[in-house]
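J.: Chains as they are written, first to last, in my numbering: chain A, 1 to 324; chain B, 1 to 324; chain C, 1 to 371; chain D, 1 to 371.
Hints are all accurate, no fakes.
Here are the computed lysine-lysine pairs in the DSS-like style, where the Cα-Cα straight-line distance is at most 25 Å: (1) B:203 to A:280; (2) D:245 to D:191; (3) A:195 to C:354; (4) B:280 to A:253; (5) D:354 to B:195.
It is worth saying that the hints were derived from the structure and are not from the lab.
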Amino acid sequence: MTVRTLLQSVTDAMKTEMELDDRVVIIGEDVGRDGGVFRATEGLHAMFGGERVMDTPLNESGIIGTATGMALYGMRPIAEIQFMDFIYPAFDQIVSELAKISYRSGGTYTAPVVIRTPYGGGIKGGLYHSQSSEVYFAHTSGLKVVTPSTPYDAKGLLIASIRDEDPVVFLEPKRIYRSVKQEVPDGAYTVPIGKARIALEGKDVSVITYGASVHTCLEAAAMVAREGISAEVVDLRTLSPLDIETVLKSVEKTGRAVVANEAPKFCGFGAEIAALIAEKAIDSLRAPILRVSGFDTPFTYTWENVYLPDAERVAGYIRRSMSY
Amino acid sequence: MTVRTLLQSVTDAMKTEMELDDRVVIIGEDVGRDGGVFRATEGLHAMFGGERVMDTPLNESGIIGTATGMALYGMRPIAEIQFMDFIYPAFDQIVSELAKISYRSGGTYTAPVVIRTPYGGGIKGGLYHSQSSEVYFAHTSGLKVVTPSTPYDAKGLLIASIRDEDPVVFLEPKRIYRSVKQEVPDGAYTVPIGKARIALEGKDVSVITYGASVHTCLEAAAMVAREGISAEVVDLRTLSPLDIETVLKSVEKTGRAVVANEAPKFCGFGAEIAALIAEKAIDSLRAPILRVSGFDTPFTYTWENVYLPDAERVAGYIRRSMSY
Amino acid sequence: MKESTVMEKKTGMLQIIDNEGNYRRELEPAIPEELLLRMYRTMATVRKFEEISMGLQRQGRIGFYIGAAGQEACSVGSTAVLKKEDWIFPAYREPGALLLRGETVLQLFHQLFGNSLDYNKGRQMPNHFNSREKNVVTPSSPIATQIPHAVGMAMGAKITKKKEIALTFFGDGATSENDFHSGMNFAGVFKAPVIFFCQNNGYAISLPTSRQTASETLAQKASAYGIPSERVDGNDILAVYSAAKKAAERARNGEGPTMIEALTYRLGPHSSSDDPTKYRENREVEEWKKRDPIRRMAGYLRKKGYLDDESDRKLMDDIDKEIRAAAKKAEAVPKPPVESIFENVYSSMTWNLKEQMEETVGRYGPGYTGR
Amino acid sequence: MKESTVMEKKTGMLQIIDNEGNYRRELEPAIPEELLLRMYRTMATVRKFEEISMGLQRQGRIGFYIGAAGQEACSVGSTAVLKKEDWIFPAYREPGALLLRGETVLQLFHQLFGNSLDYNKGRQMPNHFNSREKNVVTPSSPIATQIPHAVGMAMGAKITKKKEIALTFFGDGATSENDFHSGMNFAGVFKAPVIFFCQNNGYAISLPTSRQTASETLAQKASAYGIPSERVDGNDILAVYSAAKKAAERARNGEGPTMIEALTYRLGPHSSSDDPTKYRENREVEEWKKRDPIRRMAGYLRKKGYLDDESDRKLMDDIDKEIRAAAKKAEAVPKPPVESIFENVYSSMTWNLKEQMEETVGRYGPGYTGR
Ligand SMILES: Cc1ncc(C[n+]2csc(CCOP(=O)(O)OP(=O)(O)O)c2C)c(N)n1
Ligand SMILES: Cc1ncc(C[n+]2csc(CCOP(=O)(O)OP(=O)(O)O)c2C)c(N)n1
Ligand SMILES: [Mg+2]
Ligand SMILES: [Mg+2]
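Okay, chain A solo, but in the shape it has when bound:
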């Protein structure tokens, strides 16, 4: 066990798998000598050389497209996109190709690519270094979408993603890259894809969340606990395939649901959670299903702290749900 940040866990997961499996390679912009703009691949170029840690030209569809070709060929590429905000030039390669290769070929070809990308606000990145567009990928059949909130999960989920036969979009909450630390086992282990985690047990209201927002929600839960409200915080860990059972079990227990994330609200991932609850657990509900999200605007530089739901805002929604 070593105390690691979330970022260090990401690096360690890649290193661990690259040592165990020759087929694992890294491809992306500045991932080599530079070690990545967030230092996620630091040291790996020196350890594994330029053929396994590939600096690419500045072109995201080339990164994903060639990674896909490598995966078709039997390799296990990890493609880094520098910021989620820059993933869109590769969108066609992701949604038309990567996501659909297994289906369109009747399963005769598979493309087990992991796309790692930092996402979310909180680093003063303004409009184009802060986005959370997970729903584009979660809506895309054929992709798995994973996002850890702790160093332990980051390592275990990333290793599971690398080993998965399906393409995985692995979203790294950059705001908490360095702020969360935890004892993390050395060597390989996996955290299963598709399984949520109860980050905090509670009985009055279910707060369903993921990524960096998990920590905001835990803070909010601590706030309302002082008012006698017992909030349960569900950390989804995987957005697709969703762990519907854990979500429903929690809501059936508490009778109240608040969905929290930092993406724009309209048609955001929170909508699916709300819709599923409204379809499958409506009779347990004692209050409207509330969503606390980013605003339906692009991200903003100066007002990022207002844009991002903070503990106080989440707590406000919890109270609103409780007092209904």
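Starting from the structure of chain A, add chains B, C and D with the ligands where the hints point.
T.: Frame of chain A, contents of chains B, C and D with the ligands only:
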């Protein structure tokens, strides 16, 4: 008044606006001499010449990117994307640029581009000529998303879109391009963006839908009417900004909601409708909110008729809602 | 051979056989008779397969067809230089590549009918031929997306010190797409062992190549990526073969990628949905019919003494019978069962797909195939 | 001038002044003294602005900075050939373009601070300078996306028979992006009056140009699109000016687009977040410091008799004062009110934005500016 198909109304809308406003130009693949693969621009190249009806190289981001440049310059470009399935190479230009230009420039620049694209299944187009990915655009702040279900609306909404200051993604339900006919006024008129339409009044259950599915839902409503169920069919017409008032009013009246569309269900547009109802009208509900959608798979060729929700499937959901 | 107004600009191109099959001995590649005859048979099969399939399409027995008539020498001539371990990343006008590698006409028909024996399980439109066994990688409809895949595969082969190379096909229109740019650039930078085979058939649906780009030739686009390129007469099987052979050798020798621009022409419509009279002159089509690659190869084979009237007639008869029998057989094969809709989205079925499958089976019955 | 190992490959480039300001008379463009001095002042302002802003960044008073030191001649020399009606589509290293057009340092600081006087209303990171009034179009962070915009604007000018032309800036890395490919190709096909100005500063963050593409030069990429191109010494204001002048004339005469590859170097880090010692040698930086474009221009101006020690010192003092005063002033300007978060998403506010705004105002109070 002239009897027109939905497709003819689209053509007529463009012709009408091009005659009234020099700034309106058309840009896309095969839109010129060929008249477009669906013939939507037939005759316009002959009428307005190659400088206002521009055949482009095969590159969607070039189409949207140059259209955006023209719009910044004060023109009113209509960009055609041959199939919605081929819009993804332009995704970055759409979500990073077009949608965000007004916001990021503090409103000093605007980019009033209309992106027209045929979408949806029903023409034996298989995996890549049948997609309904409207939610990607509806989730993107800064874009308006419009989709007509009748020839009258097609013309009025398209003219309104061309005149709108904001970028509009105008989705044309290709399955009903030629099958729906209607008396349509000659000359210019608009149908307001952001206003839904009650396609059929009813009192027992609200069926909320849009595009080609409107007709499927009307058929389903006719089926269940024979069983004594009075279904109200709401045709959204605009997905973003959504006409929340009309939706809520209908659901508050009927107490039951079925959301119908043909896109994949998970994180699809139906989720937002369900979530909004669950947030704002939960107390009126007498049944779970149901969604009848395409499957959470890519589109399929051989089984397209099973993939697409037909009247019988929609009727099944209406009955399920009623018998709850 | 008369100069065309459409295709051949001032820049030269490699040509070995003329319209009558006369050939330039000093350039003639050494191809064994057996292989030459197999190439010829494959080209003729592609042509006949198209004729019959277009008929099926008009009768509504298949939904769509997208033909290769006039372009057969391109895919066949280039595929002929590969080893069977090499990989092919096709677009939609390369049934010849599959057939030359031994894929059966019957299998292609399974794809056209989208039946239960189709490798794709009926998920794609006709002409999206895929064959894992023959290393022909699943094509999609979006133009040019296969190009970076070919490059990635080739990079993979290089990294893992394997000898396999990649061949990818695309059209003139595809050179405008983003993925041409990214694929070519990555290939140049990583010296990937890949052959970029561009079939410049003069049009992208209705758009003539002269409006596709202001570049004099498509081949010269390769220099933007530090990649050598060659222009060949795409209706000349020997020219195609020779250029591809050289490119394959470069790739195998670690010298990196090559781009080939083959000047050719599609004699038919863009697809069964297209009306080419809207955008091109019949005169032009007639001009190109004179350069029919199959007739030209037949002329060559006759001159070499490998083919005569009788063997040619017999061959055509065989092909015709094989194809008609295969069409009949494939049409009789049932659809994949409805459950198949939900397979292969993920390596194991997720709860939401199971839910949707159960609902579907509830309605149509288990194993339903439409009958 | 010593040849660099990094940048100048065998292919030639236009150079007019050397490191000491000696110039080749036969190539010297005719630029009025007043304009030359304005260009010089602008370049010096850019440099000083950066020095002071990087200081503010280190003190945490602004969040980020992305500099142009060493590259000032590129944006200033090319902008100088435009008329004020022409349009500029910048990336992030062109404050010089705005300043030469008369935008104030104060306004640039409003942007860095993201305050209520920032044209962008505080929505973008520092260095995303936009000025509707000066026809400098709103830049974004994704690389190369401005290129097709410039082309579209130029196509629009051509269609509507206006005389305006477009100038767009981008880096060496940007030439690999999809939008370079699409923009260049559309410009070639539509003969759009646009100048593509590529600042090849040798690196895209950490990636050297030699790994960005296998193409010998970036200029030769233009030939893939039928576009003429020229390579110039990007640290030589006269060379930049001359090439841009020629390109602008071509554009105005209906001869279409031109690409300019300017060989330059960023003396500082990629941005305030970058550590360039990870990927480049100090020796290389030192080598390039000798070619400092401002020093070279100063040498030229002295030789022309337009500048001497005293006037230079006074100029630098003025600039320093102006900038420090502006920084202070901008820092004191309050943030835009919280309500502004919800503006300009649409031309009129939608119900969901109103709802979110009301909630926000409910929490922070109307007109809240953080104070
Ligand atoms: C991304 C994308 N845009 C548009 C289309 C529609 N489309 C199908 S084929 C085609 C033309 C392709 O031209 P070319 O590359 O020259 O190949 P050819 O059909 O001539 O063989 C177009 C525009 C598509 N399939 N994919
Ligand atoms: C689409 C996209 N991908 C990645 C980035 C991250 N990024 C910012 S600047 C940069 C390098 C740009 O290099 P170049 O075009 O040479 O311009 P320079 O910074 O050298 O002026 C990168 C990769 C980005 N902004 N946009
Ligand atoms: Mg073509
Ligand atoms: Mg650079």
